[in-house]
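Participant: This is what each chain is made of:
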Amino acid sequence: MMPVSAGFPSPADSYIEGKLDLNKHLIKKPVATFFVKVSGDSMTGAGIFSDDLLIVDRSMEPVDKKVVIAVVDGELTVKRIRFKEGRVSLVPENENYAPIEFSDNSEVEIWGVVTYVIHPL
Amino acid sequence: MYAIVDCNNFYVSCERLFKPSLNGKPVIVLSNNDGCAVALSEEARKIGITRGIPYFKVAHMEKENGLKVFSSNYALYGDISSRVVDVITSIIPEVEIYSIDECFLDLSSYPEKELVTLAVKIRERIGKWVGIPVSVGIARTKTLSKVAVRIAKKSGQGVLKLTDKDEIDKNLAKMPVGGVWGVGRRYAKWLNRYGIKDAAALKNTSNHLLRTKMGICGIRIAEELRGTSCYSIENAPPKKREITVSRSFAKTLNDFDDLKNAVVHFTTKASEKLRKEGSVAGAVLVFVMTNRFSELPQYNRVGTMKLNVQTNDTSELINHTIKVLSEIFKKGYSYKKTGVILKELVPENQVQMALFDSIDRGRSKKIMKVLDNINETFGAGSLKYAGEGLDKNPDFMPASAMLSNAFTTRWSEIPIVKAL
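In order, the protein sequence lines correspond to chains A and B.
My numbering applies: residue 2 is where the first sequence begins, and numbers increase by one.
My numbering applies: residue 28 is where the second sequence begins, and numbers increase by one.
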C-alpha cells in the first residue's frame, strides 16, 4: 500500500531556502577577496583592533573615506583614505598617530578596500 | 582567433602580492626540494641568474646582491591561479587551462576589432582584482598567439595582436626554432642540422620534408605558423597516460629501508591519483638516482614490471614497486632521488580478467574506498601503509626551508596588515 498525502499543502513549501551563508552575505566577489589580520592600534577609532580579521575586496574603488589597505614603505597598512583639494592622505583613527600626506595620487599604492571587520567580543 | 593569457613571472608575482617590499628586488623561487631556480624576477635575470640554475650556485647573491629566495609554495600559487582563471572565464567562457600560469582563449565568436579591448580588459581586471601582472597574445592560431605573448611580455606593452603578415614574418625571423611552441629540444637539433634555424625558416619548410622526420606534428606546427589553425581549445583535459610521483631528497639516502619507505609513500600517492581519475595501471616503473652534482660515484637505474592484471589497489602496487626497487637497488651509493611511475593506464571498467587471479577484486575495491574517504576527511596521510615508516618528517620529504605563508588557504597564515 502506498501512503497518500492529504490535507492542505504546507504553506512553507514554496519558501524552501538554503541556510544563511555568511560567506555569500559578506563577500561579493570571492576572486577579488582576501582576508588579513591586523597588528597595531592606529585604527581603534574606526572599530578596528589588533588581531581583528579584515575582509578586503580588491575590486572596489578606493573612494574618499573608505578604509583601505595601502602599501607604505613596502608593507601592507590599514588606513582611512581621504581626497582633499587634489591631495591624498592616509589617516589613522587614533590621536597618537599622524596622517601620511601625498602630493599626488600616483604616489600611493592602494592594495584593496576593507569591507568588513570581524572582531571577537 | 585565439589568445593566450600568460602570467608574468607567476611564482614571483604571487610572492610579491603579499610582500610588496619585494617589488624592484631580485627574487627567485626554487623547485621542489629547493633544488634550482624555477622562477625569476627581471631583476634576478639582470644580475645573471638563469632558469634552472642550482640554488647553491647563487646562494652567495643573497648577501652580495640582496637576492630574495623562496621555496615553491604550491598552496598559494594554486589558489592565485584559480582566481586568475575565474576572472578570465567571467569575461570569456571558452578557456583552456594550459598550465598553472597560462590559459588559451577561443575568440572566434567575438568581432575582430574588439579583441584588443577585450584583452586589455582581461589584463587590467586580473591586475586589479587578483594583483597578478599578465600578458596577452592574440593571433589566428595558438602557436602564433604564443609568439605574440612572448613579444608582448618582452616589450612590456602587455597586449599584442599579431595578425599582420609582414609583422608576423619579421618576428618569426627573430625567433630561434627551438622557441616555437611544440618544437622540443630533439626536433630543434634536427631542424638546425637542416639549416632551419628560426621560426620563419620552419614556416617556409615544405610539408614533405617535415613529414619525414617530425610526422604529422611537424606539419601542424608549420601550418599553425602559416596561420592555419590546427589546434583548437581543449575544454576537457585528456586523461593522463601515466602518473609519476617522484622527488629529490633533502639528504641523500643510503639504506634500502629508507628508499623503500620513500617508494611506498610515492606508490601510495600515485595510486590515490590513479583511483581519483578512475583508472587502473598495467605496469609500474621505479627509478633511483644519485646526485649528479656531487663527486660521489654515480648510479641511475630504472626497473619495470608488467602486471598480470591491471590494478589500482595500493597494497598490490606497493608489493610490485618494492619488488622492482629491490632489483635495481645497489648498496654503496648515496641516492638523491627516487620515483614511481604508473603506466599503461586504462579506465577501471575495462579491466581484463586473468584466468588465475588470486586476489578478491571486490573486497580490494571496498578497502580502497574506505582508505580514500578517511584520508580525504582527516587529511592526507591520516591512514597509511606501515611500509612508509612512522616518522612524521622523514628524510625523503622535500626540503622547503624558505617557504612563505599559505596566505590565502590557511587561517593561521593570512597576511598581517600594520595599523601603526
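Take the hints with a grain of salt, since some may be wrong.
These stretches of chain A come out as covered by chain B in the derived footprint (C-beta under 8 Å, 3 or more residues) [what the hints assert, rightly or not]:
| no. | region |
| --- | --- |
| 1 | 26-35 |
| 2 | 41-49 |
| 3 | 84-92 |
| 4 | 97-103 |
The set of hints was computed from the structure by calculation and includes no laboratory data.
Remember, predicted model here, so these are calculated numbers, not experimental data.
Backbone N, C-alpha and C define an ideal beta-carbon position, used for all residues, glycine too.
Participant: Hint by hint, say whether it matches the structure.
Facilitator: Quick rundown of the hints versus the structure:
A stretch counts as covered by a chain when three or more of its residues have a beta carbon under 8 Å from one of that chain; for the region 26-35 of chain A and chain B the count is 5, and the coverage holds. Counting residues of the region 41-49 of chain A whose beta carbon lies closer than 8 Å to any beta carbon of chain B gives 5, which meets the minimum of three for the stated coverage. With 0 residues having a Cβ less than 8 Å from any Cβ of chain B, the region 84-92 of chain A misses the three-residue criterion, and the hint is violated. Chain B is given as covering the region 97-103 of chain A, and this is violated because 1 residues of the stretch bring a CB closer than 8 Å to a CB of that chain, at least three being needed.
The structure does not agree with the numbered hints 3 and 4 stated previously, though it agrees with the rest.
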